[in-house]
Amino acid sequence: MSQQEKLQQIFRDVFDDPSIELEPSMTADDIAEWDSLSHVRLMLEVSKAFGVRFSASEVSSLTNVGDLEALIAAKGGA
Amino acid sequence: MNFVSLHFLVFTLATVLAYQATRSVTVRQWVLLIASAYFISTYMLDFKSALPLAVFLGLGYLLVAAMGATPSRAYVAAAVCLMIGSFLYLKQFFFLTAVGLPFIYSTVGLSYVLFRIISLIVDLANRDIEKKPGPGAYLAYTCGFTTFLSGPVQTWPSFKGEYEKQPVPITEGEVLHAMSRIATGYFKLAIVAAVFDYLFQNFTVQFTGAAGPVSWPKLVALYTVSAAAYTGYLYYNFSGYMDIVIGIGGLLQFKLPENFNKPFSAKSFLEFWQRWHMTMSQWFKTYLFTPIMLAAMRRLPDPRHSAAIGLSAFFITFLVMGIWHGSTVVFVVYGVLMAFGACANKLWQLAMPRALGKPGYKSLQKRLVYIQLCKGLTFAFFTLALTCLWTPEIGQLFGLTGRLGVSGLVLSIAALTLVFAAVNLVFDRVGAIAPGRLAAVGARYRDTLAVSRCAGVILAVIFVSAILNKAPEFVYKAF
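First to last, the sequence lines map onto chains A and B. Counted from 1, the first sequence has number 40 at position 40 by the UniProt record's numbering; the numbering is strictly sequential. Counted from 1, the second sequence has number 439 at position 439 by the UniProt record's numbering; the numbering is strictly sequential.
I should point out that these hints are in silico values taken from the structure, not numbers from a laboratory. Just to be clear, a hint being listed does not mean it is correct.
[Unchecked claim] Reference listing, derived: stretches of chain B covered by chain A, where coverage requires no fewer than 3 residues with Cβ under 8 Å from a Cβ of chain A:
no.: 1; region: 91-98
no.: 2; region: 281-287
no.: 3; region: 390-404
[Claimed, not checked] Dumping the calculated DMTMM-like pairs for lysine to aspartate or glutamate here, alpha-carbon to alpha-carbon at most 25 Å:
no.: 4; chain 1: B; residue 1: 358; chain 2: A; residue 2: 17
no.: 5; chain 1: B; residue 1: 165; chain 2: A; residue 2: 17
no.: 6; chain 1: B; residue 1: 358; chain 2: A; residue 2: 58
no.: 7; chain 1: B; residue 1: 255; chain 2: A; residue 2: 30
no.: 8; chain 1: B; residue 1: 358; chain 2: A; residue 2: 13
Model, not experiment: these values are computed from the prediction. Glycine residues also receive a C-beta, built at the ideal position from the N, C-alpha and C atoms.
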């Protein structure tokens with residue numbers, strides 16, 4: 001499973017929406033359930049799945065899916 | 001130094017000219033430091049009154065400088081607690097008034113200095129910042145004159161990028177854009193906010209102080225109009241100040257983050273705080289809300305606990321954010337109101353999809369009446385909560401709310417909601433038609449409009465100040 005497929009599956013699980021198709025430009029405005037609570041849960045699930053740890057600054061400063069993918073790659077997430 | 005004074009204009013002009021006269025990064029950094037030192041000195045009575053700020057800054061620098069490559073959690077926690085403890089002591093929070101310093105000193109800007117020092121300590125510990133700032137960069141970051149009084153709260157990486165970038169000649173377009181932004185700021189601060197302040201003062205005096213008793217219906221009406229006028233005053237005063245400092249940043253080619261994004265277009269209280277004083281909200285989100293959420297969710301990973309954890313985190317964050325605005329007991333009430341607003345909003349967002357189903361709730365959210373009522377209620381709740389900011393004594397606040405009673409407050413919130421919703425609906429309709437045509441005209445005559453706007457604002461500021469017989473002050477520096 002590629003990084004994007006893995007990430008897409010996490011999004012679908014966290015937001016309970018199997019129709020989500022990830023795009024790098026996708027933001028919280030594009031997913032109704034993506035609020036500050038689910039964002040932290042999302043980041044913890046991503047952290048677990050990719051074996052990386054995010055700081056509070058990183059969790060708070062992400063603006064879109066592309067930023068998240070780049071951050072996972074920068075941290076060597078597998 | 002009053003922002004609406006010849007003193008400030010001369011100071012700004014001298015700083016911009018000195019800054020733009022050189023292409024040396026180091027000289028520009030010195031210009032910023034000297035200008036900032038002078039700017040801050042105008043808020044000090046004498047050398048002694050500046051000492052607490054100097055000690056506070058020195059303590060912050062020592063704590064940052066003493067951090068190892070991998071500081072222990074205990075060190076970071078102790079450093080943050082020490083800074084917060086010093087802040088509470090110097091600001092003379094209501095539970096510390098008996099042990100204050102025996103001389104008068106200034107605490108202007110202290111809250112924002114604290115924000116920046118804590119972010120440095122935490123970000124260095126988390127390795128979000130690779131290199132510690134030197135003493136000059138530290139002082140410029142914590143005390144830069146454009147952001148010293150009330151933000152915007154810039155992150156260190158964003159500040160560093162601007163502080164260290166290689167100078168390039170400023171273009172005519174950049175100057176016009178910056179001047180236009182400054183003119184907008186003065187228009188808001190010295191004209192719109194001043195008029196709202198005039199209305200606020202004239203309405204409040206009719207039901208407070210020596211005005212004598214007024215009938216209950218008149219009290220409710222006067223209170224409602226006063227509260228709305230204060231919200232208008234605070235918004236235009238604060239956002240005008242932001243326009244001015246962001247515009248000055250533009251003349252220095254030093255990009256500052258935006259702090260407002262049409263806050264009264266927010267459809268919920270939580271959205272409102274993503275649009276009002278945005279950099280402060282982001283700071284609390286990064287350094288309080290998210291760490292609480294991460295810590296709690298790691299301990300209780302079951303998604304069934306998410307809502308309870310989230311509500312607790314919202315409550316703590318908004319309570320602290322409210323209390324931060326001042327040092328008296330009234331601000332605890334303000335914090336509780338903010339926390340109540342945030343939690344009630346989140347509970348509503350959680351309950352509605354369950355009650356109506358996701359499609360039903362989505363459909364409701366698209367209805368015009370629902371949208372306008374949500375905007376109205378957000379404005380009304382915030383406006384009533386702001387009463388804490390203009391009744392500095394707790395007895396005064398309780399006295400006023402006691403006279404209004406529950407029915408008076410409910411009536412007031414209902415009136416504010418409906419009037420705001422109706423007015424906003426009209427503005428939305430007009431706004432949907434006008435921008436296309438106006439934007440086309442604006443683009444064609446951009447330069448002429450910018451120059452005309454500056455000239456018009458200068459004349460209007462002089463005219464309005466003369467009529468109101470009062471130089472407008474920047475209100476938020478008190479918080």
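Now for the hints, and whether the structure bears them out:
no., hint, result
1, 91-98, "violated (count 0)"
2, 281-287, "holds (count 4)"
3, 390-404, "violated (count 0)"
4, 358(B) x 17(A), "holds (11 Å)"
5, 165(B) x 17(A), "violated (44 Å)"
6, 358(B) x 58(A), "violated (30 Å)"
7, 255(B) x 30(A), "violated (29 Å)"
8, 358(B) x 13(A), "holds (16 Å)"
Consistency note: the structure conflicts with the earlier hints numbered 1, 3, 5, 6 and 7.
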